[in-house]
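A.B. asks: Please model the complete structure; the sequences and the hints are all you need to start from.
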Amino acid sequence: SAVISQKPSRDICQRGTSLTIQCQVDSQVTMMFWYRQQPGQSLTLIATANQGSEATYESGFVIDKFPISRPNLTFSTLTVSNLSPEDSSIYLCSVETLGQGTTRDFGPGTRLTVT
Amino acid sequence: DAKTTQPTSMDCAEGRAANLPCNHSTISGNEYVYWYRQIHSQGPQYIIHGLKNNETNEMASLIITEDRKSSTLILPHATLRDTAVYYCIVRVWGGGADGLTFGKGTHLIIQP
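These protein sequences, in sequence, are chains L and B. Read left to right, the first sequence gives residues 410 to 524 (our numbering). Read left to right, the second sequence gives residues 135 to 246 (our numbering).
Certain hints may be false.
[Claimed, not checked] Counterexamples of contact, computed for chain L against chain B with all Cβ distances above 10 Å:
#1 P417
#2 D435
#3 I472
#4 P476
#5 N481
#6 T483
#7 L521
[Claimed, not checked] Just some of the chain L residues that point at chain B, by a computed CB distance under 10 Å:
#8 S410
#9 I413
#10 S451
#11 L501
Everything labelled a hint here was simulated from the structure, so no lab data went into it. The beta carbon of each residue, even a glycine, is placed where N, CA and C say it ideally should be.
C.D. replies: If you want it as structure tokens, here you go:
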């Protein structure tokens with residue numbers, strides 16, 4: 410399975426600011442995803458990060474609020490913009506390689522608290 | 135993807151086998167059953183998956199009924215470190231851009 414690192418591991422941000430989360434994978438992967446896990450809740454898919462093109466967002470998530478980049482096969486960023494306390498969550502990067510079709514691996518998560 | 139139904143929580147004594155049930159009565163013929171778990175404050179961890187045959191790996195065994203409408207994840211000798219939320223998910227093989235939808239899962243608590 411892929412080894413995934415995320416930076417930062419946690420942060421406390423003020424309302425109205427933005428936070429950019431980095432996801433680095435130790436091998437080239439076909440697909441990268443971003444999930445959100447609100448306190449006490451299960452995981453919700455935000456978007457699929459596409460290399461060299463705009464991300465594909467799930468219903469309820471928009472690019473202006475969650476801009477995503479994926480410049481290559483091992484790296485992606487998620488920005489959470491114009492923060493409000495409702496954005497306080499854990500944000501998780503996830504990767505999968507098609508063809509193997511076996512597992513989707515997850516990073517350790519970034520815990521965001523908005524004050 | 136088909137929906138799954140799991141008990142909200144379960145207890146199990148340390149050293150015993152933990153049997154976690156999952157109902158997936160609307161599963162399609164090309165959908166696999168996947169199990170993940172999430173230990174507190176960590177990202178989800180893949181455990182096992184299967185189509186229709188029983189599967190076993192170093193972590194667990196997966197028993198799928200003949201009609202594929204339900205399955206059971208078995209942790210043969212549960213330890214305190216197995217306390218986690220366990221998610222049963224059905225998805226198409228190589229599902230790619232979607233298909234990994236997390237429900238609420240089962241909170242398994244291993245008692246000393």
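A.B. asks: If a hint holds in the structure, say so; if it does not, say that too.
C.D. replies: Taking the hints in turn, this is what the structure says about them:
With a least CB separation of 15 Å from chain B, L:P417 remains clear of the 10 Å interface cut-off, as annotated. The beta carbon of L:D435 is kept farther than 10 Å from every beta carbon of chain B, the shortest such distance being approximately 15 Å. Taking the minimum C-beta to C-beta distance to chain B, about 16 Å, the non-interface status of L:I472 holds against the 10 Å cut. For L:P476, the non-interface assignment is confirmed: its Cβ lies about 19 Å from the closest Cβ of chain B, beyond the 10 Å cut-off.
Listed as outside the interface, L:N481 is consistent with that label: its C-beta sits roughly 18 Å from the nearest C-beta of chain B, beyond the 10 Å cut-off. Interface exclusion of L:T483 from chain B stands, the closest Cβ pair being 17 Å apart, more than 10 Å. Non-interface status of L:L521 relative to chain B is upheld: no Cβ of that chain comes within 10 Å, the nearest being about 14 Å off. Taking 10 Å as the C-beta cut-off, the interface hint given for L:S410 holds, the closest approach to chain B being about 7 Å.
Against a cut-off of 10 Å between C-beta atoms, the interface hint on L:I413 holds, since the closest Cβ of chain B lies about 8 Å away. Residue-level restraint check for L:S451 holds (minimum Cβ-Cβ distance to chain B is 4 Å; threshold 10 Å). For L:L501, the suggested interface contact is upheld, since its CB lies about 5 Å from the closest CB of chain B, less than 10 Å.
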